[in-house]
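There are 2 protein chains.
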Amino acid sequence: MYNHTTADYKCPICLGNAGIENEDTLLKQDDLIYKDDLVSVYINSFWIDTAKGHIIVVPNEHYENLYDLPINVGYRIFEVSQRMAKTMKLAYKCDGITTRQNNEPAGNQHALHFHLHIFPRYVGDSFNINLTKKSILSEPKERSEYSTKLKLELPKVK
Amino acid sequence: MYNHTTADYKCPICLGNAGIENEDTLLKQDDLIYKDDLVSVYINSFWIDTAKGHIIVVPNEHYENLYDLPINVGYRIFEVSQRMAKTMKLAYKCDGITTRQNNEPAGNQHALHFHLHIFPRYVGDSFNINLTKKSILSEPKERSEYSTKLKLELPKVK
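Read top to bottom, the protein sequences are chains A and B. Quick note, in my numbering, the first sequence goes up one by one and the last residue is 572. Quick note, in my numbering, the second sequence goes up one by one and the last residue is 572.
Treat the hints as calculated values from the structure; they're not laboratory data. Model, not experiment: these values are computed from the prediction. Where hints are given, some of them may not hold.
The list makes no distinction among identical chains, and a pair is therefore deemed to hold if it is satisfied within one copy or across any two copies.
Result set (DMTMM-like, lysine to aspartate or glutamate): computed pairs, CA atoms no more than 20 angstroms apart in a straight line [to be verified]:
1) K563 <-> E553
2) K449 <-> E559
3) K424 <-> D438
4) K466 <-> D509
Full structure from sequences and hints, please.
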């Protein structure tokens, strides 16, 4: 649903999941932390300066985004992300955890294979500073306009 | 686990879930989009300028963060977040979706009750620009240091 890959897309995450290291993927097999029958966890190749060693949880099969993910895979993503967040707390001694998951190129999804980012957070890091600065308190009547739109479409979506 | 509330914490999300509107919560009952036996969805009170009408998915019971969430609630959070992402695509005609979930004050968690943010994304919005600018390609050997730490702690965490 709302897919953006072409038939010749060389999926860097599928390559990693298949145990392949070549010029089409940045993933190294050494980055793999965990694998089960449905999902895998890797250290992400790109890092945010204040959140070194952040990880991604990915399905083993190719699903492009959140809209496409089968429910049993989504359940497992939750279980493993919770376990990895707790593991990161122990391993990195971090002070918090932020998860993020981008969908579609307009949403800054670069690898077009579902991946949930899990970032370690530290007291005073500037990770979210730009979003926090742009955060504004809305008026209840402004919110009504949006809740009305969502409630109208919700019955159409399973 | 890793909790930060005190006994007298007036949880703004619990108040919303109980149908209460008062000075201790910004949530209005008009912000409620969806409710089932385990989770509720609201239009968030604070908005990011480029992502108006963003929503939060919350458990009906009080669980502070990702570490604490019971598995059946986590499963339902996944199901509802997927459905809401698809609903937002229809209702807002947005070009992408980003989810984010913060844990602990150091992770910029303000309301100390688990909430998953779901943001509409649009072509050319500047939502993630600060993080994208700070993103750097790591070296495989740097990543090994972190994957080793995680693999050491993982067996201790269920």
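A quick look at each hint next to the structure:
Taking the closest pair of Cα atoms, K563 and E553 come within 20 angstroms of each other only inside a single copy of the chain (16 angstroms); across copies the shortest separation is 46 angstroms, beyond that limit. In this assembly of identical chains, the alpha carbons of K449 and E559 lie at most 20 angstroms apart only when taken from different copies (19 angstroms versus 44 angstroms within one copy). Within a single copy, K424 and D438 get their C-alpha atoms as close as 7 angstroms, which meets the 20 angstroms cut-off; across copies the closest is 51 angstroms, which misses it. In this assembly of identical chains, the alpha carbons of K466 and D509 lie at most 20 angstroms apart only when taken from the same copy (13 angstroms versus 29 angstroms across copies).
Against the hints set out earlier in the document, no violation occurs for any number.
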